[in-house]
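The listed protein sequences derive, respectively, from chains A and B. All letters in the first sequence, in the order written, are residues 299 to 451 by this note's numbering. All letters in the second sequence, in the order written, are residues 299 to 451 by this note's numbering.
Fair warning: there could be bad hints in the mix.
Copies of the same chain look alike in the list, so a pair counts if it fits in one copy or across any two.
Listed below are the simulated DSSO-like cross-link pairs for lysine-lysine, each with C-alpha atoms no more than 27 Å apart in a straight line [stated by the list, open to error]:
| # | residue 1 | residue 2 |
| --- | --- | --- |
| 1 | Lys357 | Lys342 |
| 2 | Lys411 | Lys357 |
| 3 | Lys327 | Lys396 |
| 4 | Lys396 | Lys342 |
| 5 | Lys357 | Lys327 |
| 6 | Lys396 | Lys357 |
| 7 | Lys411 | Lys327 |
Hints in this document: simulated from the structure, not taken from any laboratory.
Protein chains: 2
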Amino acid sequence: MIFSQTIEYALRAMAQLAAMSADEAATSKDLSVETGIPSHYLSKILRRLVAAGLLESGKGHHGGFRLSRPPEAISFQAILSALDADCDPNRCAFGWGKCNAQNPCLLHPAFSKLNTSVCDWADSTTLGDLLAERRGAKAGTHAKAPKAARARR
Amino acid sequence: MIFSQTIEYALRAMAQLAAMSADEAATSKDLSVETGIPSHYLSKILRRLVAAGLLESGKGHHGGFRLSRPPEAISFQAILSALDADCDPNRCAFGWGKCNAQNPCLLHPAFSKLNTSVCDWADSTTLGDLLAERRGAKAGTHAKAPKAARARR
DNA sequence: TTTTCAATGGATTTGCAAGTCCATTAATCA
DNA sequence: TGATTAATGGACTTGCAAATCCATTGAAAA
Chain A
299 MIFSQTIEYA LRAMAQLAAM SADEAATSKD LSVETGIPSH YLSKILRRLV
349 AAGLLESGKG HHGGFRLSRP PEAISFQAIL SALDADCDPN RCAFGWGKCN
399 AQNPCLLHPA FSKLNTSVCD WADSTTLGDL LAERRGAKAG THAKAPKAAR
449 ARR
Chain B
299 MIFSQTIEYA LRAMAQLAAM SADEAATSKD LSVETGIPSH YLSKILRRLV
349 AAGLLESGKG HHGGFRLSRP PEAISFQAIL SALDADCDPN RCAFGWGKCN
399 AQNPCLLHPA FSKLNTSVCD WADSTTLGDL LAERRGAKAG THAKAPKAAR
449 ARR
């Protein structure tokens, strides 16, 4: 539910890359081992992420993949978009005939509510947030009231 | 994204049944025409909804399907559950190794946030809400405050 | 009764996402 | 320079959700 296998793999690979030292590139094979994603399939996904400008790649010795911008500047929405799975808050998943805001299907309002919250999530979450969250957890006690408050929602 | 085709069909069919007069049963074929769902595939889905107790069915003349309880008593979660697609707020979609609340993967907190909002939505939305929403819209002016308040629960 | 209508259930096919394989290209090292 | 390493891109295979088909069951109408 929610995401296709491919999207899930992409998010996992990007998260792994964000978690690794930025000075050296990670090999597709290494990433495959660390994330458990089938290596050849992962290659394909990484290629698309390169094409979309989210990753940089290098061949040969010391080659591999690395983020092309800081983790804070890569939203989940950008990753979805790179794989043609953009989150569009106006799309009605139920495609009941031609359905739009003017002439909504019966399910439209209910679905809109859900769809909006998914899109908001994808827009507002970045790879940087993952690292911040982890640092917070590692810091032992629940760091910062504001973060806990946000996490709850 | 979000739902499989099968789940989408089930929600559409249930919504259509909720919208129809409750005194006479709707035929699988009629439902197929009204919702645009392939008729034989729809049959299968309806069978599962019957097995789960959400629908009642009758054979032969004047046979067909009808809701087994009032629309207000059928949550989206119940429909998902009938098709083995329960919304479980603790499941980590990213399945990164063995991941749980104690030993969360890097993506876990971010995903939890999303997953929780999807589950809340499925739990708190009923077929009755769809009808109420429609009546609200039909009543002309945006009956905002009262409608929104009711729809929330 | 018999006929007709409609659900039931299983077997089968289709189509596409997921996964594999391999030959090519390009970078670095010895 | 040649050998090695790793990404690239396309062709191909697999597996499963989606869709189809058909023979059976059961209920109501004629």
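Starting from the hint list further up, note which numbers the structure goes against and sort them upward. The structure breaks hints 2, 6 and 7; every other hint is satisfied.
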